[in-house]
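Enquirer: Chain by chain, the residues run as shown.
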Amino acid sequence: MQSIRVTVQLENDKYTLRQVFKIVSKENLGSYSCSFGDEAKADFLLAGPQIGEVRDKPIVSYVGDSVVVKCKMDEKKPKPASWNWYKANGTDKEQIFYAAEPQKYEIKNHEWVTKLVVHKLTEGDSGFYYCEGVYAVSTTMGHVELKVITFLEPLKPFIAIIVEVIVLVAAILIYEKSQSKKNSAGGNETNADQTNTPTPGDNNGPEESSSTRQRKV
Amino acid sequence: MPPAAETKLGYTPPDGGWGWAVVLGAFISIGFSYAFPKSLTVYFKEIQAYFSVSYSEIAWVSSVMLATMYAAGPVSSILVNRYGSRPVVMVGGLMVSSGMVLASFGTSIIHLYLCVGVIGGLGLAFNLQPSLAIVGTYFHVKRPLANGLAMTGSPVVLFTLAPLNQFLFDCFGWRGSFLILGAIVLNCCVAGALMRPVKKSVKPQPKTETPPAASEEDGARSSDFQIEENQTESRCQGCAHRFIDFSLFKHRGFLIYLIGNVVMFFGLFAPVVFLAPYARHQGIDEYSSAFLLSIFALVDMFVRPLTGLLGNTKWIRPRIQYFFSFAVFFNGVCHLLCPLAQGYVGLVLYTVVFGMAFGMLCALLFEVLMDLIGAQHFSSAVGLVTIIECGPVLLGPPISGALVDAFGDYKYMFYACGVILSACGIFFFVMHFYNYKKLDEERKQSLAAERRTSEEAVKLKMSPDDKAAYEAEG
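Heads up: the sequence lines are chains A and B, in that order. 217 is the number that UniProt numbering gives the last residue of the first sequence; the numbers go up by one with no jumps. 474 is the number that UniProt numbering gives the last residue of the second sequence; the numbers go up by one with no jumps.
Because the hints were derived from the structure by calculation, they are not lab data. All figures in this text were calculated on a predicted structure; none of them were measured in a lab. Hints may be right or wrong, so weigh each one.
Stated by the list, open to error - Computed list of lysine-lysine pairs in DSBU-like fashion (alpha-carbon distance at most 35 Å, straight line):
(1) Lys108/A <-> Lys45/B
(2) Lys72/A <-> Lys38/B
(3) Lys120/A <-> Lys459/B
(4) Lys200/B <-> Lys181/A
(5) Lys156/A <-> Lys200/B
(6) Lys38/B <-> Lys57/A
(7) Lys199/B <-> Lys77/A
(8) Lys45/B <-> Lys115/A
(9) Lys142/B <-> Lys57/A
(10) Lys76/A <-> Lys45/B
(11) Lys200/B <-> Lys177/A
(12) Lys142/B <-> Lys120/A
(13) Lys199/B <-> Lys70/A
(14) Lys177/A <-> Lys142/B
(15) Lys177/A <-> Lys45/B
(16) Lys108/A <-> Lys142/B
(17) Lys411/B <-> Lys76/A
(18) Lys147/A <-> Lys38/B
(19) Lys142/B <-> Lys181/A
(20) Lys76/A <-> Lys38/B
(21) Lys14/A <-> Lys26/A
(22) Lys38/B <-> Lys70/A
(23) Lys79/A <-> Lys45/B
(24) Lys181/A <-> Lys199/B
(25) Lys199/B <-> Lys182/A
(26) Lys411/B <-> Lys72/A
Okay, chain A solo, but in the shape it has when bound:
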């Protein structure tokens, strides 16, 4: 820990300490603090910008499909000079790749956003991907998890729900058929009554009721 001792004069009832530091490289970043004897202390943390928006939940994609993994820096902070992408391999071994395999990977950088496009996914492509924003004095890293699954995964709930629908529809229609069979079996006489009662009504009062009925209907 480096230490600088400065003598300060009293100005307007205040002791003011102003120090200028040149931040040239990563070593210049870190924790700074100033103290006035035992009476006052202030701590400062100098760090490079941190990655803003990264998806915390895994991105899910399918075998044979392609996927876009995105890292975004907060637009209020300065643009990174360049971006790097790493794939986690094993515990903490990381591999750097550029356009070494152009068919497989595509890196698109645009100001605050970097996108990694992975084509022809296989299950081995699952895992953590690290995006690194590079500044003159610091780098910052974010990580996104990719999960590659086959189409069989969503197919299972899909088929389960289809079966449920078919069962329910069949049950409702069968219930209705059995209800109507009961009605027709026990209600044949009542049906005959229903068809008979309007007709005598029609015959008896065509003159008086038909004109009024025409009005109502």
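Fit chain B to the supplied structure of chain A, relying on the hints for placement.
Expert: For chain B alone, kept in the frame of chain A given last:
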């Protein structure tokens, strides 16, 4: 409640029994129709990145779906008039399902517009109109309550689909989610299976065999029908076999409803769309802003059945149009007062009141149309209404968005919506006051006319007997 209204249908609606199962089916269908396009927005961010398109291009998927759903209204009405509600709803469910399954294999954004937007929208149209129509055939006495319950499907399904969609997306990505949603939406077929055609047992059979004769008789008796033409009459038996009843445009009540609704829809949905962005603009964090929408849906889903219950009471039912006018006006006032809301608590209060107002309006939206038109013509009426409403529904939010962008402030958008809705509320109130007066006059005239014709008929009946007696004597 005028007792004569029941005989106008030609049969007595069950008002219960299997009707409640039909309400459940309508609940599911209406729920999916309204909530499904809104709930898909969860996937837009990833699909946008996947296809490398702008946000407005991906938002078009929802808009195309909504537009097709409204524009296909008349097609739906024609099919319901010919085949009844059940087959149309089941076909609709199959269509949305296949649209979503096809979309899950999509390779371009156009593919999504066609599968989700057009095919899905068409399927939803085949769910919405028939569900509304069939509730009217099963209920008369308890119809406002049944309608209120059926319309509650929209907030309930939205409330369930939103977190479900998020969960599916986290597990399966957008493709797998579309596939599973295709299966979930197939439950509309279950809803359709519940929509058993109502037994019109009181109506004698010959009516359905004489459509050409009925239309001729209609022409001959048109003068007799002048008096009742504007009332809720099932005045021709062959109506069920015609395609769309364009004579609705001469119906006074229908015109009031149509004009009022077209203007109203410009300002109705925009505040819902901009609620969360407005909250974020006020400095509230993303999760609390999204929570406002959940509060809105929760209030909405309790207010709708309550409104249905209220609308059924003997004080409100005869003058239910005034209740609807009040609901529209209430919405307007709510938006005019919104800019006064300060901080998160103020916004929560606004959301609760807005949820109440919106729920009241939606619960009554189709009930008042049924009240004006009657269940027989409702199918055609709702088809015509939705295709004409298509314009304001689609244009409303973008115009409001333009207002927000132009002034850089949300309050002018709220004022505009508030003014539109309040004006519509007053319009409805005044026009229905006039309409109720006219209807009462016409009812009195027709009762007097009936009394006259029955007296004449008695005289006519007397004369042949007199003649026979005369000839017998002579």
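Enquirer: A separate judgement is required for each hint: does it hold in the structure or not?
Expert: Consistency of the hints with the structure:
| no. | hint | result |
| --- | --- | --- |
| 1 | Lys108/A <-> Lys45/B | holds, 18 Å |
| 2 | Lys72/A <-> Lys38/B | holds, 27 Å |
| 3 | Lys120/A <-> Lys459/B | violated, 91 Å |
| 4 | Lys200/B <-> Lys181/A | holds, 17 Å |
| 5 | Lys156/A <-> Lys200/B | violated, 43 Å |
| 6 | Lys38/B <-> Lys57/A | holds, 23 Å |
| 7 | Lys199/B <-> Lys77/A | violated, 70 Å |
| 8 | Lys45/B <-> Lys115/A | holds, 14 Å |
| 9 | Lys142/B <-> Lys57/A | violated, 49 Å |
| 10 | Lys76/A <-> Lys45/B | holds, 22 Å |
| 11 | Lys200/B <-> Lys177/A | holds, 18 Å |
| 12 | Lys142/B <-> Lys120/A | violated, 59 Å |
| 13 | Lys199/B <-> Lys70/A | violated, 59 Å |
| 14 | Lys177/A <-> Lys142/B | holds, 27 Å |
| 15 | Lys177/A <-> Lys45/B | violated, 47 Å |
| 16 | Lys108/A <-> Lys142/B | violated, 62 Å |
| 17 | Lys411/B <-> Lys76/A | holds, 27 Å |
| 18 | Lys147/A <-> Lys38/B | holds, 27 Å |
| 19 | Lys142/B <-> Lys181/A | holds, 29 Å |
| 20 | Lys76/A <-> Lys38/B | holds, 32 Å |
| 21 | Lys14/A <-> Lys26/A | holds, 34 Å |
| 22 | Lys38/B <-> Lys70/A | holds, 25 Å |
| 23 | Lys79/A <-> Lys45/B | holds, 23 Å |
| 24 | Lys181/A <-> Lys199/B | holds, 14 Å |
| 25 | Lys199/B <-> Lys182/A | holds, 15 Å |
| 26 | Lys411/B <-> Lys72/A | holds, 32 Å |
Checked against the numbered hints above, the structure breaks hints 3, 5, 7, 9, 12, 13, 15, 16 and satisfies the rest.
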